[in-house]
Structures are given as structure tokens and as C-alpha cells.
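Enquirer: Taken in sequence, the protein lines are chains A and B.
If you count the first sequence from 1, position 224 lands on 223 in numbering that gives the first Met the number 0, and the numbers rise without skipping.
If you count the second sequence from 1, position 418 lands on 417 in numbering that gives the first Met the number 0, and the numbers rise without skipping.
No wet-lab data here; the hints were simulated from the structure.
Quantities reported herein were computed from a predicted structural model and do not represent experimental measurements.
There's no promise every hint is true.
Here are the simulated lysine to any residue pairs, SDA-like style, with alpha carbons at most 20 Å apart [claimed, not checked]: (1) Lys379(B) / Thr224(A); (2) Lys227(A) / Arg366(B); (3) Lys227(A) / Ser400(B); (4) Lys149(A) / Glu268(B); (5) Lys299(A) / Val203(B); (6) Lys379(B) / Val221(A); (7) Lys227(A) / Ser373(B); (8) Lys248(A) / Glu333(B); (9) Lys379(B) / Leu223(A); (10) Lys248(A) / Ile334(B); (11) Lys248(A) / Pro253(B); (12) Lys323(B) / Pro253(B); (13) Lys329(B) / Arg243(A).
From the structure, some residues in chain A lie toward chain B, with a derived Cβ separation under 10 Å [what the hints assert, rightly or not]: (14) Pro7; (15) Arg13; (16) Arg14; (17) Gly229.
Ideal Cβ positions, reconstructed from N, Cα and C, are used throughout, including at glycine.
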Amino acid sequence: MHNNPKEPLIHMTRRGALPWYRAWGIRLLAIAAALLVCALITTITTGLNPLAVYATMFSGAFGTARRTWILGQDVAILLCISLALTPAFRMHFWNLGGEGQILMGALATASCMILFGETLPGPLLILASIVTALAAGAVWALIPALCKAKWNTNETLFTLMMNYVATQLVAYFVIVWEVPKGSGKIGIINQSTEAGWLPVLAGNRYLLNILVVAFLTVAMYVYLTYSKHGYEISVVGESEATARYVGIKVPKTIIRTLLLSGAICGLTGFLLVAGTNHTLTTTLAGGQGFTAVMVAWLAKFNPLHMVISSFLLVFLSRGAGEISTIYGLNQSYGDILTGIILFFIIGSEFFISYRLHFRRPHRKDAAQGSAPEQKSAPEQTGTQEQGGKSEKGEVTADV
Amino acid sequence: MDKTTPAVALRGITKTFGPVVANDHVDLDIRRGEILALLGENGSGKTTLMNMLSGIYYPDEGQIFIDGEEVSIRSPKDAFDHKIGMIHQHFKLVDVLTATENIILGLEKRGRLDLKAAARRIREICDAYGFVIDPDQKIYEMSVSQKQTVEIVKVLYRGADILILDEPTAVLTPQETDRLFAVLRSMREDGKAIVIITHKMHEVLDLSDRVAVLRKGQYIGEMATKDTNAQEMTDMMVGRSVSLNIRRPDPVDPKPRIVVEGLTVRSPEGVLKLEDVSFEIRSGEILGIAGISGSGQKELLEAIAGLQRVESGDIWYVEDDGTKDRLIGKDPLEIQKLGVALSFVPEDRLGMGLVANMDLSDNMMLRSFREGHSVFTDRKHPHDLAEKVVDELEVNTPGVSTMVRRLSGGNVQKVLVGREISSAPKVLLTAYAVRGLDINSSYTIYDLLNRQKEAGVAVVYVGEDLDVLLELADRIVVLCGGRVSGTVDGRTADKNEVGLMMTRLGGGKELA
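Just need the whole structure built from these sequences, with the hints factored in.
Expert: Spelled out as C-alpha cells, the structure:
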């Protein structure tokens, strides 16, 4: 028996839905706290002035017009991949095959440029590249989708494995088309003719990519939020039984959605080869197929919010790179800072969903009401009677 | 133990979830040697209150006294230290472990794990109270009632003498309920304090000594069971006078609407679920389907709705002019395209009928979102429909953009039934339409079904409460182990007769 009953030091309760400005307030606070911790660690470990370090980070991302354009291009590509993954993720189909699907799109584009560079006229060559890139990406996603729809295979493993196959295929064709022979590289494709290269808009080679992705972002948002397909995707993702109950053909939805997902990855591959790099390597995607998973999750699969999350990740990585160069620090140092900031941002989501109650020093009155909660959209109207899903979050231990 | 000190005394208990106040300064006494029935509508805060006793939630305000001493229950372990045990509505057992393993799970004892000794003690407990379970049986091999028994033995094994049962009879057959009640009575004789949460009035009257009523999170009052009646308790729960009679208007011009012929269904594992089932569903009539749970009710309704693969037999939809359409082999969309106006309220509301993580408005779209040629969905009509359903069926929700999973069971069901009848169906299939619903919501649903019947709809009501079936249905098809045991007239049938037909094919014949 507890003779001296004590309240727990901390106990947590689920919050009501917060208004957007409070949720963002918490996120901004988290970023501020993260910057503070980073500053502390910077001073302790390197003795550098943290403000100078942050200034360097900022100049690494925005320092010159060229840097700003590169930042924009990097954001565009990462966002494009995230947009590709989103419809699949909304359907709870965990497409981790972004890398492979991008590589296949890139391979298709490169093959068009190499094989038809001299025979097809410019616009037609670009068109052929786009079509084959979309198709190649789509096929790479279709294979796991078919197996999932038919035999309910594990899509996570399957799409992951398809990445390796794509990498090996690209490695093979790089050798087939290597220039000069024996170099193990393709080099710049059609460097003299620029056949199949995307046109340079307004004197800036990154502008077209950025515009394409901007358009795609809005289109994807509209597709997922307002179209019948988007609705079907959400229903299938939430409950396949419900989808069948209302006559949605689940396999058809899976296949259609993955064709879209793969095609947009293929498009990313096209943009990378025809738009920016004009060459093909096995590391073309550079792990962004996985970074995009984080972008999509951070934005809770909302295409518009992904603009922010992809910007944040690219900004951090470019800023971190600059710190390493300027101060002669190891690249890992930038990664540490990025890690701390992400940790705080992801952690802040906990404080958006839950509220902590701390033990009051004077517990005689037993009153607990901490910071007054403002009225907002009520969250729980008696879920407790249901003992359903929403309760599980809190029922942590039973025995 | 001092008889006058309550085993548990709650004082001024308050618990909020965000802006929702689940319990508002509740005072409650639980005494030894007594069975207390805790009553209240869905969402009135009964389970929340009990969860604070069992250490799942921690109160925002208020004090808990055990045998007169103030305590703090911070975790389920604390609750066990105070000898409080709760049997939850949803069992918390590990399927692949045996009864014994589940029962001792989480008990930290020094030294070697002695499963044999544990099993011996479990047998002792079973013998003392008349439980029948095999300690070495795996949970997944057990029936619902056996699982519940394991839950009860689990809390007894831990030495609980304050027992809380959250809707224990919702999943039991009448016979199993009787056995459970016998056990609870013998525990009462043993001096244990027992709290039971239930929506069934006759059980309250039958079993409890005292009744306490909660309404909208507030404590309304308590009384001795012998001094009250179902009407008074219901009125206290609801806060106004409610009629407890189920109407049964006469069938309106009944004509065959759906004809089921020799239906046989096997589960994907090859188990025979339905065998040679034949009957007809008529317009303007409520057809009850009775049977022990798992006798093929689910498969039967799903077969009619186009969700179940059928091995043999036929299902015909008969139109007003007598033309017949075959429903077998068609999916729900094809059935809809055929012009068959069929609505289905499935057993698993949130897992099949609705999408828990979508709001009311989006859930209204589930049936109708394909309408129109636009590639975009029409959001206006579902939104209006949602508001209409909320309005007409008195759904308790903050708004139509609230996620369905945030609603209580009764309100979820109103949303589902509201959507299904909004499409003006000719056939309305309902599976356990009032399961888990409080008495007021249940009567709302009965009334809705009756109004559909009066509008000429062929209504199928799969139920588990025989009293209700006998009051509501015009005809009752009794299933037993996947076969039709018989069809009886709802107005003349006898409860015992139907009960026997549920357990033996053809009912009393074997007895005679």
C-alpha cells in the first residue's frame, strides 16, 4: 500500500486538434531549440562562433545567385521524387524503389539520346525520351505492384530489390556506351550537337526543371485531394475491406497508382539526364529516392507541405556542405548538425499530439490544470466508449 | 474488513481529452460483497472512469481512496497492487500463448518460471468459482467466452478482489451469460467488490445490487436495484423519458425480393461456413436472422452483398414486375450497376462500412463518389448528406469534418446506417446493428429499420439479442452451424424454442 500517494512526475494526455498557428509555433520553437543545441555543440567541440557558422550555412545555400539556383534545382528534383512516392504512400504501398525507377527513366532517356541523337529531329527526340522514360519508370514500379495485387507480396522488399537490378542494368549500359572506350564513363552525351538536351529557359538551365516540378506539385495536390482516383487511393490505403465493400477494385487501384508513381520517378530521371547532367551514372539518383521518403513523411503526404520539407532538407545539406569546406571540418560535422535539427523537428510532432502534465509542487489542492487549453475543434467525443484504435496510443501497458 | 468503508471511493474525479470532458467531478463508491452496475449512454464516460481505476489513464483532478486510504494509481501494476482487476471489452491476450502463459505474463517473480505450479493454481481458481478452461490450451483455439474466462482468471490469479467488467456479455450467448452471472454471484458471496458495465437492462435487474448512472461525464445518481426499474434507469441515463417498446407494424404487401437457394460457402481455409441455405427475403418485412455468433451470418450477408465467394447455390434479386437478376458472381459495383438497390450495414463498422480516418462528409461519399462524368469528386452533396444525417439521426459530433474514429460506437453506427438508407434501398441488410450501442441509440436504430420496412424495404436484421429479435422481426430464420435450423413467425415464436433451434438443428426434436 502507498501510504503517501504521489502523483506521477509527468503524465501525458492526448491533445485536441491544435489550430495551425499553434502547431507551427511548436515547430518553430523546435527549430529554435535545435539551433541553440547546435550552437552549444559547435562552441564546445570546435570553439567556433556559432553565429558565424550559421551565417556560413546560409551563404552556402543562398550566398550567390548561382548557389540559389542550384538550391532551387536540388529542391525541385527532391520534391519531384517525393511527389512520385506520395500517391503510393497514401495507399499505404511503401514504394522504396524510387532510386531504381529514377535510374530506369534516366537509362531510357540516355538511350534515346545516344541511339537517336543523330537521326531524330530535336523536339521529336525529346518527346521520345520523355515517353520512354515515363514508361521505363512505370514498368519498374508495375512489377512489384502486379505481384502485390496478385499475390500480396511485400512491396517494401520488392521495390528495394528492384533498385539493385536497376543499378546493375545502368552499370552494364554505361560500359556498352562508354566514351572514350575503357574510361568506364559515358561522359557528356551529344556534347557538340546538344541533341535531346532540354532547352535553356531565359538563360537559366535550371529554370525549366523548377517550373515542371512546380506545375507537378499543384497537379498532384489536386489529383490526390479532389479527384475520384485520389479518393479511391485514400480508401484503399485506409481499409481494403471498405474499398471492396463499396466496389472499388483494389488490384486495379494499386496498379494504376504505381504506374503513376513509377512514371513520375521516370520523369525525374529524364529531367536529371536531359535537363541537368547530360550523362548517365549509377549514382545519378544519389540516394534521393530514400531522402524523398523522409520528405513525404515529414509533410504527412501533403504535396504542398512537401515544398517546405524538401526545401528544409536541401537547405540543411547544402549548408552543412559549406561549413565543412569553409572551416575545414569533416563532412560528418554537417551531418551531425542536420541530424540534430531533424531530431527536433520530428520530435516536435509528439508535442503537437500530446500534452505533458508535470507534478505541481503543492499537491494538496490536487488541481492539475496547467496552461489553459483554448477551445478548438474537439478531438474526442467519447472514443473511450469504443476502446478502438485511438485509445491504443495511450494504453501502453496492460499487465 | 470494515463493511461501512467502501472498497473504492472516487471523489471529484475529472478527466479531459483535449477539449472534451470525459469525466466531470465524479464521485462513486464501490463496496465489497456487492455488484454495482455502472450505467450510461455511449460516450458518458463509464469506461474512462474505470480505466482510471485500472491505471490506464491518470485523472486530471480528484482523489481515489482504497479502503479509506488515498492512493495514486499510475499504472496497471499499481492497480494490481491495490487488488483492482479490469476485464476489458476488447480482450488483451496473446493469441499464440496458452491460457497459463497469458495469465502469468508480466508478473515479475524471482527465481525460475514454474508453469506447472501456475497451472495448478489456475485450476484451483477455476474449481473454486466453477470456471471451465484448460490452462494449456492456446488462446487462438478458444471461443470468445473461453477467452473472457481467461481474462477473469487472470485478474483473480493476481489476487484482485475489486473486479471491473466492461460489457462482458456483449459477445456471449444467453447460456454463456447465465454461466458468467453465476460465477459473479459466487464472487460476490466471497466478499469481492464487482463493477459491471452493461447496456442490457434485464441483466442489470437480474444481477446487480446497486446501480450508478453517468450522463455526459457527470455522476447523476445511484439507487438500489430492487427499488428501480428499466424505465427509470433509462430515463436517468438519457435525461428524458424514453419509450421502451419496440414497434412492430404489420408487413406492407410482402413480396419476394431476394431468393436464396441452396447456398453453400466455404472459407478460404476450406471450412464449411454455410451449407445448403435457402430462404427468401420479402419487401415490407423485417426478416430476423438468429444464431450463435459465427453460425454463418457474416458469410450469408456478404454473399448477398457480393463480397463472398460462393461455392454453390444461387441468389436472385426479384424486381417488382417479377423479373429476376442473379447476384452470384457479381461484385458490389456490378450489383449496383444492375440497378439493384441494396444497402449493407456490415458487422465491422469501422473496418468495412466506414473509413475511420476520414471525416463524416468523406464517408458519405463512399457509395456515391463515382457519380457524374467529372474526374473530380462532388464534395457538396456528401457534405449536405452528412449534415442531414447528423441532424435527423441526432449524431453527437462536433461537426461533419470530424474523423469518424473520434465518434463513439452509437454515433458511428448512426452515420453508417444513415448513409446506407439515404440511397433509398430496396433491400437493407444489417449485421448486429445495435451491438455495443446504448439503449437510446438502439431504439433509434429499431425505429429507423421500422420506417424502412413501412416504406416497403426488405429489411434483414441479424441480431444476437433474442428478446429484441422476437419483438422486432416479422419472421426469423434460425441458423445453426451454417445451416437453416428453421424459420419461425416473430409474433408467435417462443424464446426457448428459438434458443434450442440455435444450438440444435431443427430445435427440440432431438430432445423429445
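Enquirer: Does each hint fit the structure? Answer for all of them.
Expert: Hint check results:
no. : hint                  : result
1   : Lys379(B) / Thr224(A) : holds (14 Å)
2   : Lys227(A) / Arg366(B) : holds (12 Å)
3   : Lys227(A) / Ser400(B) : holds (19 Å)
4   : Lys149(A) / Glu268(B) : holds (18 Å)
5   : Lys299(A) / Val203(B) : violated (47 Å)
6   : Lys379(B) / Val221(A) : holds (16 Å)
7   : Lys227(A) / Ser373(B) : holds (9 Å)
8   : Lys248(A) / Glu333(B) : holds (11 Å)
9   : Lys379(B) / Leu223(A) : holds (17 Å)
10  : Lys248(A) / Ile334(B) : holds (14 Å)
11  : Lys248(A) / Pro253(B) : violated (35 Å)
12  : Lys323(B) / Pro253(B) : holds (17 Å)
13  : Lys329(B) / Arg243(A) : holds (12 Å)
14  : Pro7                  : holds (5 Å)
15  : Arg13                 : holds (6 Å)
16  : Arg14                 : holds (5 Å)
17  : Gly229                : holds (8 Å)
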